[in-house]
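Protein chains in written order, with our numbering: chain Z, 1 to 345; chain W, 1 to 235.
I should point out that these hints are in silico values taken from the structure, not numbers from a laboratory. If you're wondering where the values come from, they're calculated on a predicted model, not measured in any experiment. Quick reminder that beta carbons are idealized off the backbone N, C-alpha and C, glycines included. Where hints are given, some of them may not hold.
What the hints assert, rightly or not - Distance condition first, Cα-Cα at most 20 Å in a straight line; then the derived SDA-like pairs of lysine to any residue:
| no. | chain 1 | residue 1 | chain 2 | residue 2 |
| --- | --- | --- | --- | --- |
| 1 | Z | K101 | W | R146 |
| 2 | Z | K101 | W | I130 |
| 3 | W | K39 | W | I129 |
| 4 | Z | K174 | Z | K203 |
| 5 | Z | K238 | Z | T302 |
| 6 | Z | K329 | Z | L288 |
| 7 | Z | K94 | W | P150 |
| 8 | Z | K94 | W | Y144 |
| 9 | Z | K311 | Z | K325 |
| 10 | Z | K101 | W | V222 |
| 11 | Z | K238 | Z | L263 |
| 12 | Z | K184 | Z | G29 |
| 13 | Z | K74 | W | S139 |
| 14 | Z | K94 | W | I149 |
| 15 | W | K169 | W | W145 |
| 16 | Z | K94 | W | T142 |
| 17 | W | K169 | W | V222 |
| 18 | Z | K74 | W | K169 |
| 19 | Z | K94 | W | I129 |
| 20 | W | K66 | W | G183 |
| 21 | Z | K101 | W | W145 |
| 22 | Z | K101 | W | I148 |
| 23 | Z | K101 | W | P150 |
| 24 | Z | K329 | Z | I219 |
Stated by the list, open to error - Partial chain Z-side listing against chain W, Cβ under 10 Å, derived:
| no. | residue |
| --- | --- |
| 25 | R47 |
| 26 | C61 |
| 27 | I70 |
| 28 | A71 |
| 29 | F81 |
| 30 | Q82 |
| 31 | R146 |
| 32 | R150 |
If you want the building blocks of each chain, they are given just below.
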Amino acid sequence: MVGLTLRDVRKNYGDVQVIHGINLDIIDGEFVVFVGPSGCGKSTLLRMIAGLEDISSGTVCIGDVEMNDIAASKRGVSMVFQTYALYPHMTVYKNMAFGLKQANTPREEIEKRVQAAAEILQISEYLDRTPRNLSGGQRQRVAIGRAIVRDPSVFLFDEPLSNLDAALRVQTRKEIARLHERLKTTMIYVTHDQVEAMTLADKIVVLRDGRIAQVGSPIELYERPQNAFVAQFIGSPKMNFFSASDLTSGASSLLNRELSDDLQVGIRPEHLSITDSANAVVEGTLELVENLGEYALIHLRTASNVEFIAKAEKPPEVPKASTIKFGVKPPLAHFFDSNSGARSA
Amino acid sequence: MFSLDRWDVAYTNLIKFSVCFIILCVLIGLFLAILLDQKIRVEGALRAMYLYPMALSFIVTGTVWKWILNPEFGVERIVQNLGFESFTFDWLVNPEMSIYTVVIAGIWQSSGFVMALFLAGLRGIDNQIIHAASIDGASLPTIYWRIIIPGLRPVFFSVLIILLHIAIKSFDLIIALNNAGPGYSSDVPATFMYTYSFSRGQIAIGSASATIMLMVIIAIVVPYLYSELRSEKHA
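Next comes chain Z alone, as it looks inside the complex (with noise of 0.2 Å):
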């Protein structure tokens, strides 16, 4: 087990730059989530931590070692592709086997460290199939099993759960949770779902456009997120935002704080609550709601032709149209710079 450290690392595609210069600290054991949204460079950077892709220039190192020369089977890492990327035309024992078959290991101690991983992920009884013999959720399994029998130093998820359905990620998700608990290892995991990233993480890196827009815990993610991307990024239905001229004339005193239209106002559906004229920050006139039994969202506009949603345990009873007005407790609002996006304070 080893920790990694990126120094100002870029990539160049001709005279693209994708990557611009990433810095990044990564902890032994730790569980880090690479995530964004398409394009940003993630599964780019991946695969530079990889080998799978040159390293314009910066280094890469895990451990102590510089990697950006060796080989990537040299490198100590294992690879969790978004497709499975199993070899057809192996059984599944065979498939697990390769990469120790290429590194001479003893036949004895394949046999051995393939049954074992097969153990943990319950898949001994398909170890005789061919990998188009098993269902989405089981071909996936079979993929992890690929990566552990090699005893890596660093795991890497390159968006593992993509290709299954709704409930099977669900379930894959916890196993892939599980199995960093009992491992230990550190891993790395590229996604462009922020529920994967926040349910998974130890620690998450924001990408956008080849730069780290935040890092962080999850939780800290959520509660300061660093800029407004971040802030819109992180969080289902996403932040609202507002400037000055979108809110009540009140506001400014209820939050506690000079508006100006340099500023603007990130709230959380979930933050929005029902309130009367003096405590309400914001208004808007009620277009739509969608009841999913468990809360409501409540989809508004207001005055200034701003969209902007609610979430409340239950649907409003008021008729559509009409106006609703809603409050926030101070700390829960965020303030950016509107031109760059910075939090202000």
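Position chain W against the provided structure of chain Z, taking the given hints into account.
What follows is chain W alone, placed relative to chain Z:
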């Protein structure tokens, strides 16, 4: 018919031709496909060039190669003119070797098509599998040998069937290239059947040979179809 020396020549030629033609076509086609798959720059142009012979009929191919291989003014003369006076390349007129000129022309015509099939197969292989294999520590030759080529198995089957039927029905190529000659040294069952049925008027022998050809094809195709359809049911 079986006592005819000419029939012996025809069917040994067919076997020689089919085996050489199929094996070399597969090897060359696969090799070209792997080369083209290395993300080279002018792939589009090269692919068109390799496929171009497909656009020609076997008659044209045969005629062109008849000129190229002609000892009087083809390759042999060119190399001799370059100064290698003792160079001989007279396969076209050498009864021992004449069937191999058919192999050369057939490969020239068909390997581009085989390449296109293999290239499509190679492109269909998930990149992530190759990445997974390289993390597993497989070298590039190992990846091709253990991962990619086994993954091309269905393509191999299609290629074999296509080449086999081209080989068995090859007729126009041989007629154009050397008219089954010299003598009848590059006869195959198809030309044999044509000669006996339509040039010599010995319809009985002609139809006997045609029947034999039909049975050979059935003997090859039926077990193949059977195994393919059965494995599909199991899949």
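Results of checking the hints against the structure:
With a CA separation close to 12 Å, the supplied pair K101 (chain Z) and R146 (chain W) stays within the 20 Å bound. Of the pairs offered as hints, the one joining K101 (chain Z) and I130 (chain W) holds, with about 16 Å between alpha carbons and a cut-off of 20 Å not exceeded. In summary, the hint linking K39 (chain W) to I129 (chain W) is supported, as the alpha carbons are separated by about 17 Å, within the 20 Å threshold. Proposed proximity of K174 (chain Z) and K203 (chain Z) is supported: the alpha carbons are some 17 Å apart, at most 20 Å.
For the hint pairing K238 (chain Z) with T302 (chain Z), the CA-to-CA distance comes to about 17 Å; that is within 20 Å, so the pair holds. With a C-alpha separation of about 25 Å, the suggested pairing of K329 (chain Z) with L288 (chain Z) is violated against the 20 Å cut-off. Taken as a hint, the K94 (chain Z) and P150 (chain W) pair is honoured in the structure, with Cα atoms around 14 Å apart against an allowance of 20 Å. In summary, the hint linking K94 (chain Z) to Y144 (chain W) is supported, as the alpha carbons are separated by about 17 Å, within the 20 Å threshold.
With a C-alpha separation of about 13 Å, the suggested pair K311 (chain Z) and K325 (chain Z) falls inside the 20 Å cut-off, and the hint holds. Only pairs whose Cα atoms come within 20 Å are accepted, and K101 (chain Z) paired with V222 (chain W) is rejected, the gap being roughly 39 Å. With a C-alpha separation of about 19 Å, the suggested pairing of K238 (chain Z) with L263 (chain Z) holds against the 20 Å cut-off. Taking the CA atoms of K184 (chain Z) and G29 (chain Z), the gap is near 5 Å; set against the 20 Å cutoff, the hint holds.
Pair hint K74 (chain Z) plus S139 (chain W) holds up; C-alpha atoms about 12 Å apart against a cutoff of 20 Å. Under the criterion of a C-alpha separation no larger than 20 Å, the hint pairing K94 (chain Z) with I149 (chain W) is consistent with the structure, at around 16 Å. Between K169 (chain W) and W145 (chain W) the CA atoms are separated by roughly 32 Å; this puts the pair beyond 20 Å, and the hint is violated. Restraint check: the Cα-Cα separation between K94 (chain Z) and T142 (chain W) comes to about 15 Å, which is no more than 20 Å; the hinted pair holds.
For a cut-off of 20 Å, the pair hint linking K169 (chain W) to V222 (chain W) stands: about 17 Å separates their Cα positions. A hinted pair counts as satisfied when its Cα atoms are at most 20 Å apart, and K74 (chain Z) with K169 (chain W) does not qualify at roughly 53 Å. Only pairs whose Cα atoms come within 20 Å are accepted, and K94 (chain Z) paired with I129 (chain W) is accepted, the gap being roughly 14 Å. Only pairs whose Cα atoms come within 20 Å are accepted, and K66 (chain W) paired with G183 (chain W) is accepted, the gap being roughly 16 Å.
Restraint check: the Cα-Cα separation between K101 (chain Z) and W145 (chain W) comes to about 15 Å, which is no more than 20 Å; the hinted pair holds. For the hint linking K101 (chain Z) to I148 (chain W), the alpha-carbon distance of about 17 Å falls within 20 Å, and the restraint holds. Between the alpha carbons of K101 (chain Z) and P150 (chain W) the distance comes to roughly 17 Å, so the proposed pair stays at or under 20 Å and holds. Among the hinted pairs, K329 (chain Z) with I219 (chain Z) is consistent with the structure: their alpha-carbon atoms are about 18 Å apart, no more than 20 Å.
With its C-beta approaching chain W no nearer than about 8 Å, R47 (chain Z) sits inside the 10 Å limit, and its interface hint holds. Nearest Cβ of chain W to the Cβ of C61 (chain Z): about 18 Å, over the 10 Å cut. The hint is violated. At its closest, the beta carbon of I70 (chain Z) sits 12 Å from a beta carbon of chain W; the interface hint therefore is violated under the 10 Å criterion. A hinted interface residue such as A71 (chain Z) counts as satisfied when its beta carbon comes closer than 10 Å to some beta carbon of chain W; here the least separation is about 8 Å, so the hint holds.
At its closest, the beta carbon of F81 (chain Z) sits 4 Å from a beta carbon of chain W; the interface hint therefore holds under the 10 Å criterion. The beta carbon of Q82 (chain Z) is positioned within 10 Å of a beta carbon in chain W (closest approach about 7 Å), and the interface hint is therefore held. At a threshold of 10 Å, the smallest CB-CB gap from R146 (chain Z) to chain W is about 8 Å, leaving the interface hint in force. A distance limit of 10 Å between C-beta atoms decides the matter here; for R150 (chain Z) the minimum to chain W is near 7 Å, and the interface restraint holds.
In the structure shown, a violation is registered for the earlier hints numbered 6, 10, 15, 18, 26, 27, in ascending order.
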